[in-house]
Each structure stands twice: as structure tokens, then as C-alpha cells.
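Q: For the protein sequence lines, the chains are A and B, in the order given. Under the working numbering, the first residue of the first sequence is numbered 1, with each subsequent residue one higher. Under the working numbering, the first residue of the second sequence is numbered 1, with each subsequent residue one higher.
No wet-lab data here; the hints were simulated from the structure. Bear in mind the structure is a predicted one, so any value in this text is a computation, not a measurement. Keep in mind that a hint or two might mislead.
[As the list claims (entries may be wrong)] Label-pair restraints from in silico Cβ distances:
#: 1; chain 1: A; residue 1: His-128; chain 2: B; residue 2: Ala-274; range: 53 to 61 Å
#: 2; chain 1: B; residue 1: Glu-242; chain 2: A; residue 2: Pro-106; range: 16 to 24 Å
#: 3; chain 1: A; residue 1: Pro-111; chain 2: B; residue 2: Glu-190; range: 19 to 27 Å
#: 4; chain 1: A; residue 1: Ala-253; chain 2: B; residue 2: Gly-508; range: 47 to 55 Å
[What the hints assert, rightly or not] Only part of the chain B face toward chain A is listed, based on derived beta-carbon distances under 8 Å:
#: 5; residue: Asn-66
#: 6; residue: Leu-317
#: 7; residue: Met-382
#: 8; residue: Leu-386
#: 9; residue: Phe-514
#: 10; residue: Ala-518
[To be verified] Sample of chain A residues facing chain B (criterion: CB under 8 Å; computed from the structure):
#: 11; residue: Leu-6
#: 12; residue: Leu-7
#: 13; residue: Ala-8
#: 14; residue: Gln-10
#: 15; residue: Pro-11
#: 16; residue: Ser-13
#: 17; residue: Arg-187
#: 18; residue: Arg-190
#: 19; residue: Pro-296
Note that the Cβ used here is the ideal one computed from N, Cα and C, for glycine as well.
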Amino acid sequence: MTAEALLAGQPASRAAAIAAAAALLGASANPLIAGLATDIDGAEAAIGLARAVGGVLDHTAAAGGLRDLDVMRQAGWITTTPLLVRARADCILLVGDGVGDFPTTPPTLAPAQARRVLRLPGGAALPHSLALLRALLAGRKLAASAALHEIAEALRTAQCGVVIWSAAHTDGLCIEMVCGMIDDLNRATRCFGLPLPGPGNLAGVMQAIGWQCGFPLRVGFARGHAEHDPWRFDAARMAAAGEADVALWIGAALPDWAAKMSMIALLPAGTPAEGAEVTIFIGRPGVDHDAVLHEPATGALGFRRGQGDALSAAAVLTAITQALGVPC
Amino acid sequence: MLTLLSGGRIVDPANRRDAIGDLWLEDGLVIAPPDRAPDERHDVSGCIVMAGGIDIHSHIAGTNVNTARLLLPELRGSAGFAGAPESEAIGRLYAAMGFTLVVEPAISPAVALQAHRELAAIPFIDKAILSVLGNEDFGLQLIRAGEHTALADYVARTLAASGGLGLKTINPGGAAAFARNVRRFSLDDEVPEYGLTSRAIMRSLQQAAIRLGVPHPLHLHANNLGLPGNVESALATIEAAEGQPLHLAHLQFYAYGEEGPRKFSSAAARLAEAVNAAPHITADVGQVMFGQTVTVSSDVLRQFGARNQASPAKSALLETDGNGGGIVPYRYRKENFFNAVQWAAGLELFLLIADPWRVFFTTDHPNGAPFTAYPDLLALLMDRDLRAAWIAELPPEAMAMSTLPALTREYAWGEIAIMTRAAPARLLGLADRGHLGPGARADVAVYRPEADRAAMFRNAALVFKDGLPILREGRVLRPHRGRALRLSPGFDAAIEPRLARYYDATFGLAHTAFDVPAEAIDRTRDPFEAVPCRN
């Protein structure tokens with residue numbers, strides 16, 4: 001039988017591990033709760049724990065999510081959902097890397113229309129290509145490639161154009177250029193952005209922190225209330241700068257900065273946990289237990305029934321919070 | 001536990017009671033005076049005692065509201081941003097004002113699960129959502145085919161699956177038309193490809209709600225919100241209801257004429273007259289108050305048009321099958337002619353619609369103003385001198401475009417209790433709320449009168465939820481969790497395989513993908529409370 005928890009690498013009871021985790025967090029000057037690859041229950045429980053210990057919340061994929069968010073909250077955007085893309089998009093532009101492929105089957109609600117799928121490759125030339133494309137669409141006379149002219153014409157004549165990108169693979173200024181171009185197009189036609197969500201239920205965790213704290217990710221509670229600062233509450237930066245002394249990590253594997261501080265790891269059963277002072281093995285949300293997760297296929301939160309009733313991150317986080325003995 | 005509130009003035013118009021007296025609470029209910037000594041006694045002499053307030057239209061949850069939170073971090077101090085507070089603050093600040101039930105009126109079924117998770121995170125008060133239909137392909141196909149029975153089944157299945165307390169439609173057909181690049185859309189304009197007018201969609205949904213016995217009439221966000229001259233739209237919409245029950249949301253935003261040098265005037269007096277003459281119509285006002293807010297709407301066509309006035313200058317628009325949404329921050333300014341006319345038009349509706357059972361107290365939070373402006377608005381309704389003082393600070397050329405300066409009506413306590421308690425309970429079909437008769441839910445607000453009425457309303461002296469004291473003068477006495485009220489209308493199960501085929505072919509999904517099972521919201525207790533339909 002495999003251990004349910006480890007203390008300093010040795011098998012231990014779950015109760016002992018929870019007590020040890022609470023002791024570490026309770027004594028910490030500046031604790032981190034990071035990784036955060038968890039379901040909505042886990043995210044809400046992590047917020048409760050962070051409030052109780054005055055900790056910092058960060059997600060392993062937050063950097064990409066914040067790149068998208070920074071474009072939205074600095075310039076604005078017009079986006080859509082994967083469902084509308086499938087049902088109505090007659091022209092799809094895939095921008096940069098990490099966007100996969102898209103079938104050219106006709107849109108399901110407009111089966112008589114052909115669907116064009118075009119691509120703007122990633123790499124060093126992407127900013128230049130996007131700038132040329134936006135300028136072409138704005139009616140500027142430019143020496144641009146035939147491929148760019150073709151994309152511009154396709155977007156201009158589309159009835160439902162969609163531009164897809166992955167913030168994890170795309171520079172913030174490129175995303176802003178894409179969103180500005182979409183905005184320009186909507187003066188005369190309809191075109192929407194589809195930012196692909198990051199891994200580890202990033203979009204779901206971002207939403208939960210939004211309704212619980214009023215802010216997106218990278219939130220800290222050291223002053224007793226939520227503060228949002230993408231630079232200050234960057235877990236990797238804090239680790240490198242020696243600003244945190246304990247981290248509770250929820251994810252598939254420990255981060256590369258794990259050796260910088262005392263680690264409490266909530267990991268899927270069977271994951272190696274070398275270097276963690278406390279390890280508690282948990283189920284995979286939506287697989288080993290029921291979970292609410294952001295569904296990339298719909299762009300919305302959805303309920304996934306798990307195959308069993310394995311221990312959830314939320315249960316562990318709630319138990320640690322209760323073991324702290326502070327009112328929350 | 002037996003609780004006595006002694007010596008207060010009990011204002012309970014549903015039971016024709018307005019007198020000094022005692023109120024007894026036990027096991028979460030109001031009871032008739034018993035022959036026993038109370039376990040807990042609260043002396044509320046000198047205070048006004050009313051049932052807990054009910055807000056029928058306030059955007060407090062869902063993906064659009066949450067986008068507003070994420071869009072505007074710079075407007076959030078440590079005290080929170082009133083336009084889009086976090087869930088905890090919503091519950092606490094509403095409860096502090098004596099409100100105990102708030103309805104989030106615009107949830108697309110595809111995002112109902114998140115909305116219910118957000119509602120569950122709002123403490124103290126009970127909550128509900130209205131489910132939005134009328135722009136999605138499936139519903140439009142049924143209406144086009146004249147399949148009214150199937151439409152009613154589809155509406156019922158959607159209400160049940162999304163946990164809705166009522167049916168809402170937002171610029172019916174307008175979002176579908178905008179998706180096809182239509183930029184102006186009125187009552188008799190057709191949605192391209194469907195050949196359906198907004199009128200036909202509205203009527204079909206209105207009748208579906210009636211057929212199902214949904215207590216709340218169809219909740220309509222009409223066409224042409226915010227545009228000069230749109231009073232004609234509102235008047236035509238009232239006619240279009242053809243004498244059947246219809247609720248008009250945030251009517252102030254449709255009370256605009258095109259008179260005067262700036263081609264923008266209040267037409268609220270005309271509109272109020274039409275409402276007075278149409279007993280089948282109810283309306284909430286959507287009052288504008290001055291200050292920073294953020295507009296949150298599923299009328300994506302309107303929000304696309306509004307983004308040029310965004311302040312701060314940014315917006316987030318989402319296009320979906322169905323309504324989508326648009327988040328546009330906005331600042332209503334006293335010195336702005338248009339904003340001042342809007343403010344006056346809302347107050348005119350409050351003061352000129354004669355029947356307090358048919359006009360409802362809202363700011364369309366946060367679209368006209370954050371709900372935290374309610375205390376000031378209540379004070380304005382009750383005090384003509386206070387109104388005169390505000391009017392004196394506003395552009396005279398704006399006040400000249402309205403009848404407000406001539407209006408002397410002041411709301412009495414009984415009318416406030418009808419408008420914010422008794423009438424909303426009746427409109428939503430909640431027999432145990434909005435009054436203080438035996439058997440009523442023991443949700444009670446106690447206000448201590450003072451010269452500054454706004455201060456009185458901001459922090460009720462004492463608030464009871466389900467019979468327990470939860471807040472005193474804005475301070476939390478004990479934690480409390482409310483529930484979400486939902487209908488469970490019956491329907492012919494034949495709609496299920498039909499929806500299954502449609503969802504699979506169109507979206508590659510199970511048609512149950514967006515359902516909201518109770519265990520997805522709360523695994524420790526039932527997050528819902530069932531409300532019966534009328535048949």
C-alpha cells in the first residue's frame with residue numbers, strides 16, 4: 001500500500017501531515033500558496049487559507065493569463081467562446097505557437113459556408129507580420145507578402161472571423177496588436193478573439209479569485225486584506241529573492257525553486273516528492289473525485305463527475321486552515 | 001428560539017398593518033403572539049420594523065460581473081469598489097441595508113454554474129437568478145417553426161437545469177442580429193436568417209412563461225436601451241404585450257425623448273402615464289446616481305455602441321451563441337447634461353407611476369449606480385426638499401428637459417414597504433416573503449429614524465435573517481448563509497433527446513454540459529430552495 005502522506009520523505013498519517021503543514025504555515029513570516037492547479041473548491045479553500053495566514057496566491061501558469069488580462073484591462077477586447085467558433089466561424093486565423101490546428105469542416109450552424117483556416121507563424125517575425133496585417137486592414141498601402149494580403153482579405157470579407165492565440169506562447173504586445181486589429185475590423189464586420197486558456201484550471205482559479213477577492217491572480221493578504229500585484233506576488237520571483245520561507249504547492253510536480261524554502265506539497269498519488277518537508281497525496285480533480293473546473297471545450301465552468309471519492313485539495317486546505325486555530 | 005421585537009412601528013402593508021406593536025419570531029418564522037416569555041427580547045421602540053428588502057434586478061454574480069471585477073483593479077481600494085464588489089461585500093452591504101433577497105437578472109444558461117458558485121459565496125442573504133433566452137439558435141428555431149409547446153418545454157428544462165427563478169430576455173433577437181452584423185435593431189426589425197422580429201420573440205417567450213405558470217412575468221430588457229428618442233420603443237413594447245403580464249427592466253433607460261436644443265430630453269412623464277394605464281405592466285426603474293460605476297450588460301449590441309463613452313477608456317465584449325455580454329466602465333457626472341436628464345427621468349418614473357405595487361426599486365446595479373447608492377435614493381424619494389437641493393446643483397438646462405422640479409410627491413413608509421418588500425415578493429411568487437404576518441419568513445429589517453435618512457437606510461439598526469439577528473448598525477453579529485431560490489417546472493421529457501441531438505451536432509457536447517446539479521454548488525448542504533410554479 002502506498003503512503004497517504006510523507007513527512008521528510010517518510011510515510012506518515014494524513015493527520016500528522018496536516019498538523020505539520022499547519023505548524024509550518026502558522027510559523028511562517030511570509031507563506032506562499034502556489035502551483036494552484038486545482039478545482040474551484042480547491043481555489044476557494046486556498047483563498048481561505050491564504051487569508052488565515054496572510055499568504056500570497058500564485059498559479060503556475062499565471063504569467064500567460066496575466067498577459068491576456070493586461071491587454072483586456074489596459075486596452076479592452078472583443079472575444080468569443082469555443083462554442084461560437086465551432087458553430088459559426090467562417091474564417092479562423094491561428095496566430096503564433098501553441099494554437100494547434102483547426103478543422104476546415106464548415107461551421108455547424110452555417111453548413112453551406114466554407115471555413116477558411118489561415119495561419120500567422122510564431123517566431124521573431126510575428127510582431128512585424130501583425131503590424132503589417134493591421135496596417136493593411138486599416139487601408140495603408142504597404143509592401144506586404146501575398147500571404148498577408150490573403151489573410152487581410154479573408155478577415156475583411158468573413159461574416160464571423162475568429163483570431164486564436166495562446167498567451168503562454170505570445171508576447172503581450174502581439175496580443176494587444178491582435179485585439180486592436182479585431183476592434184478595427186468590428187467597425188465594418190464581425191471578428192472576435194479566442195484566447196486559449198492556460199493549463200491547471202488557470203481560468204477557473206482566476207475566476208474564483210475574482211469573485212472571492214475582487215482581483216485576478218497574484219494576490220497577497222499580508223496586510224489583512226487582498227492586494228493584487230503581478231510583480232510582487234510572483235512566486236518564482238519571491239523564491240529567487242528569498243522573500244518567502246514556506247510554500248504550499250498544489251500541482252503535478254514540485255517547481256524548480258522548491259529547494260529555496262520549506263515545501264508542503266499536495267501532489268497526485270504516486271508523484272515523486274523529493275525535497276518536500278510535508279507531502280500529502282490527493283486525487284486528480286474531475287478524475288478521482290467530483291470537481292468544478294473551467295472546461296476549455298466550452299469556455300465556461302463545468303461539473304465533472306470523478307470515478308471515486310479521493311481526497312481533494314479543498315479537503316486538505318480546509319483541514320489545515322482549521323488546524324491553524326485562527327478564526328476565518 | 002422565541003424572539004420578541006417589542007414596541008416598534010410595524011409597517012406591513014401586505015397585511016394592512018402600520019402601528020406600534022410587537023413582532024414574534026420562532027424557528028425562522030413570524031408567529032402570532034404566544035403565551036410564553038421570549039428567549040430573547042429586542043426593544044425596538046422608536047424604530048420602523050419592516051420585512052427584509054427584496055431587490056428584483058441587481059447584477060451581483062456571473063461571468064460578466066466577474067469580468068467587471070477583473071477589468072478594473074485600479075478602482076478598487078481596500079474598502080472595495082462599489083461597482084463590482086467581491087461576493088462577501090455584496091452580501092454584507094445588502095444585509096446592512098436590510099435587504100435579504102437579491103435577484104441576479106441576467107444569467108445565460110451556459111454560464112449558470114459559475115453564477116450559482118458566486119451566489120453561494122455571497123453571505124447573509126438569499127439569492128436567485130433569472131435565466132436568459134431569446135438570442136440563441138435553438139430557441140429561435142423553435143419560435144420560427146411555431147413550435148410553442150416545444151418552446152415551453154425548452155424554457156422549462158432550461159429554468160430547471162440552470163436553477164432559474166424566472167425567465168429573462170435581453171434585446172430579444174438583437175444579439176443574434178448583431179452577430180450577423182446588424183447595427184440597429186428595434187421591435188419590428190427581423191433577425192437575418194430567421195425572419196423573426198423582436199416582437200415575435202418577446203411574445204413567444206412571454207407566452208411560454210405564462211403557459212408554464214412561472215410566477216414572475218417575462219422580464220424584458222427591451223430594444224434601443226439608452227438611445228435618444230427610445231421612449232417610442234418603450235411605448236410600443238407596452239402595447240406589444242397585448243394585455244398580458246410583462247415586466248420591463250430598468251425603464252429609466254428607455255425614458256428619453258429628442259426634444260430641446262441637444263435633442264435629448266426626459267420622456268418619463270409620457271412613459272409613466274402609459275404604465276399607469278396598463279395594469280398588466282410592471283417596471284423597475286434603474287435609477288442613475290452620480291459617480292463612478294461599471295456597466296454590465298448582456299445587450300452586446302448596446303454595449304458595443306457604449307464603449308466609445310467608456311471611462312476609464314476600455315471595455316470587454318464577449319460574443320456567444322445567445323447573448324454574450326459587454327463590460328463598459330462609466331462615470332455619471334453631475335455637470336453632464338445627459339447624465340442629469342437621466343437622473344431626473346428615473347425620479348420622475350418613481351414619482352409619476354401611481355401604483356407602488358407596479359414600480360420597483362432598482363438602480364440596475366451597477367448600470368445606473370451601485371446598490372450602495374440605495375440609501376441616498378430612498379432619501380430622495382421620501383423628501384422633496386432634499387430633491388430640490390440636489391436639483392439646485394444640476395445643470396438648469398437639463399432640469400428644464402424634465403418635469404421633476406415640479407413634482408412634490410414624497411414616498412410614505414407604507415409605500416416604501418410595498419415597493420421594496422410586498423410588491424417584489426408578490427411579483428416573484430414568494431408567499432412567505434415581503435410581509436410580517438404569521439407564517440412569514442422571519443427576515444426583518446429594523447430602522448432607527450434619524451434626520452439623515454440615507455444614514456438610516458445604509459445601516460439598519462438590526463437585521464434578522466431566518467429569525468436570527470445577523471447585523472447591527474452594519475456590524476456582523478453572526479455569520480449566516482442564505483440559499484438560491486429556484487423553480488422546478490415540469491416539462492415533456494421529449495425535449496431531452498431533441499436537445500441532445502442538437503447539442504451533439506452543433507457543439508459536440510452533451511446537452512447536460514451546462515446543468516447545475518446541487519452537488520456542484522455545495523457538497524455540505526442544499527444550496528437551493530424550491531419555489532413552486534402556479535400550475
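Q: I'd like to know which numbered hints this structure contradicts. Please list them from smallest to largest.
A: 2, 4, 7, 8, 10, 11, 12, 13, 14, 15, 16, 17 and 19
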